[in-house]
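K.L.:
Listed here are the chains, written in short residue letters.
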Amino acid sequence: MTDQVVAGVPRRESSLLRTVRGLALIRESAVGMIGLSLVLFWVLVAIFAPLLAPFPPNQTGLPLSPPGAVGLEGNVYWLGTDQLGRDTLSRIIYGSRQVLLYAPLATLCAYLVGIPMGLAAGYRRGLTDDILSFISNVILSFPVLVLYIIIIATIGASGSNIVIAVTFASAPGIMRIVRGLVLDLRNREYVFAAETRGESPWRIMLVEILPNARGPLIVDACLRLGYVVITIGTLGFLGLGLPPPDPDWGGMVSELRSFAIINPLLAVFPCIAISSLVLGFNLLADGLREVSLRD
Amino acid sequence: MGSQDHSYDGPILECRDLCISYFTRAGEIPAVIDFNMTLNQGGSIGLVGESGCGKSTVAMAIMRYLGGNGAIVRGQVLYKGRDMASLSEEELRQLRGNEIAMVYQEPMAALNPSMTLGRQLMEVPLCHEKISEAEARKRAMQILADVNLPDPERVMAAYPHQISGGQQQRVVIAMALLSNPSLLLLDEPTTALDVTVEAGIIELIGQIAKKFSTSMVYISHNLGLILETCDRVNVMYSGVVVESGTVTEVFDQMRHPYTKGLFGCIPLPGADKSARPLVPIRGQLPLPHQRPPGCYFAPRCDFFKQGLCDLEDLHMTSVPNQPGHDVRCRRWQEIDWSTYKPVGVGVGEVQAGEVVLSLNKMKKYYEITDNSIAAMIRGKRVRYVKANESISLEARASETVAIVGESGCGKSTFAKVLMGLETATDGEVMFNGKDISQEQVQKRSADQVGSMQMIFQNPFDTLNPSHSVGSQLARVIRKFGVETDGDKIEQRVMELLDLVKLPRDFARRRPRQLSGGQKQRVGIARAFAGNPSTVVADEPVSALDVSVQAAVTGLLMDIQKTYRTTLIFISHDLSLVRYLADRVVVMYLGRIVEQGTTDEVFAPPYHPYTEALLSAVPIADTSVERTRIILEGNLPSVTNPPSGCVFNTRCQRKIGAICETEVPPIFEPSEGHRIACHLSREEMLAMKPVISLAATPESPAAE
Chain D
18 MTDQVVAGVP RRESSLLRTV RGLALIRESA VGMIGLSLVL FWVLVAIFAP LLAPFPPNQT
78 GLPLSPPGAV GLEGNVYWLG TDQLGRDTLS RIIYGSRQVL LYAPLATLCA YLVGIPMGLA
138 AGYRRGLTDD ILSFISNVIL SFPVLVLYII IIATIGASGS NIVIAVTFAS APGIMRIVRG
198 LVLDLRNREY VFAAETRGES PWRIMLVEIL PNARGPLIVD ACLRLGYVVI TIGTLGFLGL
258 GLPPPDPDWG GMVSELRSFA IINPLLAVFP CIAISSLVLG FNLLADGLRE VSLRD
Chain R
798 MGSQDHSYDG PILECRDLCI SYFTRAGEIP AVIDFNMTLN QGGSIGLVGE SGCGKSTVAM
858 AIMRYLGGNG AIVRGQVLYK GRDMASLSEE ELRQLRGNEI AMVYQEPMAA LNPSMTLGRQ
918 LMEVPLCHEK ISEAEARKRA MQILADVNLP DPERVMAAYP HQISGGQQQR VVIAMALLSN
978 PSLLLLDEPT TALDVTVEAG IIELIGQIAK KFSTSMVYIS HNLGLILETC DRVNVMYSGV
1038 VVESGTVTEV FDQMRHPYTK GLFGCIPLPG ADKSARPLVP IRGQLPLPHQ RPPGCYFAPR
1098 CDFFKQGLCD LEDLHMTSVP NQPGHDVRCR RWQEIDWSTY KPVGVGVGEV QAGEVVLSLN
1158 KMKKYYEITD NSIAAMIRGK RVRYVKANES ISLEARASET VAIVGESGCG KSTFAKVLMG
1218 LETATDGEVM FNGKDISQEQ VQKRSADQVG SMQMIFQNPF DTLNPSHSVG SQLARVIRKF
1278 GVETDGDKIE QRVMELLDLV KLPRDFARRR PRQLSGGQKQ RVGIARAFAG NPSTVVADEP
1338 VSALDVSVQA AVTGLLMDIQ KTYRTTLIFI SHDLSLVRYL ADRVVVMYLG RIVEQGTTDE
1398 VFAPPYHPYT EALLSAVPIA DTSVERTRII LEGNLPSVTN PPSGCVFNTR CQRKIGAICE
1458 TEVPPIFEPS EGHRIACHLS REEMLAMKPV ISLAATPESP AAE
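Residue numbers (the numbering used here), protein chains in the order written: chain D, 18 to 312; chain R, 798 to 1500.
The hints are simulated quantities; they were obtained by calculation from the structure and are not laboratory data.
Note that the coordinates shown come from a computational prediction; the quantities given were computed from them, not determined experimentally.
Beta carbons are placed, not taken as given, at the ideal position from N, Cα and C, and that holds for glycine.
Treat the hints with care, since some could be wrong.
Label pairs and their computed distance ranges (CB to CB) [unchecked claim]:
#1 R:Gly1430 / D:Leu144: 20 to 28 Å
#2 D:Ser217 / R:Val1279: 15 to 23 Å
#3 D:Met50 / R:Glu1109: 48 to 56 Å
#4 D:Ile64 / R:Thr988: 51 to 59 Å
#5 R:Gln1288 / D:Ser217: 57 to 65 Å
#6 R:Gly1469 / D:Ser150: 24 to 32 Å
#7 R:Gly1141 / D:Ser217: 40 to 48 Å
#8 D:Arg35 / R:Gln1288: 25 to 33 Å
#9 D:Ile167 / R:His958: 56 to 64 Å
#10 D:Phe151 / R:Glu930: 16 to 24 Å
#11 D:Arg142 / R:Pro1462: 53 to 61 Å
#12 R:Asp814 / D:Arg35: 41 to 49 Å
#13 D:Ala170 / R:Thr1220: 50 to 58 Å
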């Protein structure tokens, strides 16, 4: 950092590049690095699932084998099998693809809805704020789980419907965060400067205000990704997740839970998968926050 | 009261070769280097310097309060002969607050908002001495009376937010004095306050020093305040003391080029602007990790000599015949100040052109809707805040009109109405022949918007940290339709950077890579991007360091002269206004109390408020004499302004009931010089100048 200032000639760099450079500071936080490795681990697992998984996810074999049992063709069921004889390890590996597709997608959609709402409420204030805040308060006053069940039961269980449900339930929370940030940022002099040259409100919100709110929003996005992973797990557990036979971590917990009498270990593995990914996102968020607070 | 150690008669505080560093991500940053200071019983030392010179760090080190990443790396702080580093945490706690007390810049941050002031005051003696509640209460009441707070009973029962900023600072000082400390550290105690309030606090600090014989360390960036409060001064620059001595020695016979430069940067309200021009110090403060070898001031110094000034091991040398006057400069004996004539900021005469902007009885009221049930029953739900009341003024081409007043006088509202962020409630605002009082900025044409632009106050806030300097300037150019072609826009950006004397590669920089002064220059470039005919500058230099202030002011004046721009200069700094304004408008509580040419306003007859404002400005010149007028009371609330003359509650020349009942008539001692006051013609003309030079008294008619 010091060298760059001394050198005096700054390189032209895009806003995106600078954000990435800022995010790279995560390496100074041990907690953040642990989080990042957990998340990266699952990302790599998802990408290389066909290479890593010993079985196809839906291939059946010996039902309810204990972890470490040897299959008919001499393959080892490292984490055991479920009631249909499908390999738990392979299903966890393939299941990570579903989670890592829908969780970021749902979070992104929630942000795409929540950010404009928050910008409008915080910047325009007055009636716009009253209406948007009222809507978000109504949504937030529902118990989240009930809300999910109502939505999914109404529109059916599928990947895209999970995205819709998560967007609907999370956008109000995002709106509140954005609104709070905007209320602070709108009083900056560069915003006044933009106003005095007659910029349109949406340009001010998107170009002048939003980029300066990115720090807290990135941290929040990481935390929220973790929550969405839990949500997808919960929906799967309740049978509202991805339709079978696709592997789904929450659904696996639910199925294997019934056989806890035979082998309680079986249901533990998908649980570990869910919590390690959630923990990864949370630690990453903690690390980012820690780095951003340091000077 | 027992806490003073009478057996000890050495210096209260001694700093010996103190070096303090902060440890950050970028490595060790030396904040204070080789700092020496001896404070005797009852003495007062001023630490003066620009931001980042390490003056607050010294205060923190004295309290041993450096935080997690700061440490004393060398040297000692001796309090009454005891090394502070040898004290245990428990002993330190006893010392802080009991023997050493500190007063900070922000009174509101120093007081607990959820406790009554009485409780907070009583805590001090209750915590440090074993005394009864009743005794503590008595002491608190006594000390409140000592700091000249009216009605201590009421203050005791109040919460911090219920009293004004000036009163809060008095309470903080009272709290510091409660345990009768031997040493009082004051860190910019008046910076957050208005000038007239500041004058009261400064007077109080002076009284305290006499009454309690407390030793004081007074930290400030304002040389004028140091002159009034201290007997010795240490001038600091980039972590080192460059000159130290008694106040008279340093102020009258300064030896270090930086001290000399600092004085050259300060406008003096008494002085004639052409006789004593502002001389900016070129360049900027070096960052702590970019200090040059040898003398840290070398790159900005006119007397720099290669092979001498850049040698390491630069120490303080004593000035002969002046014991205790030390200078950190290798060349001070060689410099002949009598032949040194630096180029000042030229504020020549300008020929004012046609009227560009004229306001006629402009009013701006804000509505406050009271939704309480009581208000609904009474049927008075809407109240008005009269932010601007009947503002009438004119501004001509290439003229500088200064709007002067303290916080809450309606300056900012005035600017907002001009810029079209608010519409006027009544009256007209004629700009280039069109009434724009009802036109919001979105309804104005690009041309109209571009020809009236604004320069903002806070350099750290004026540029968007997310965009490069060049792209922010380019946006303005495109928006105002000055240029549309990409290459031409880039060309124009470069021209603008040249205009504000910044290197062209700054276009690619981010605001955070720029210093405060540089950001403010970009702010000026942005305002001039659309070739404006009028520029509203809202305290454009008040947040900058003095040495940079002069340069930015000079630049602004140069550009204004070149383009014959009308400049509306909003400021609370009368000294600066004296230098650059052609006409001055003094506002109080949303009303204009006086307006006229600069010479007229700065010479008698004055409006009583102008008189008080002028007398409150601290002046860093030992040869200037001024009448002291301390305004009583607080600024009234704008929601409920006093009847009659709005200034009647604080006026030092109030003549009677007429001030409270009737709106004052306009007295016009000369064409265009208007004073809204009830004083008779004779009383007006009998007024004496507030500021005069001791040697040659200024003639009353400053023509």
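K.L.:
Of the numbered hints stated earlier in the document, which are not met by this structure?
P.N.:
Result: hints 1, 3, 5, 6, 9, 10, 11 break, sorted rising.
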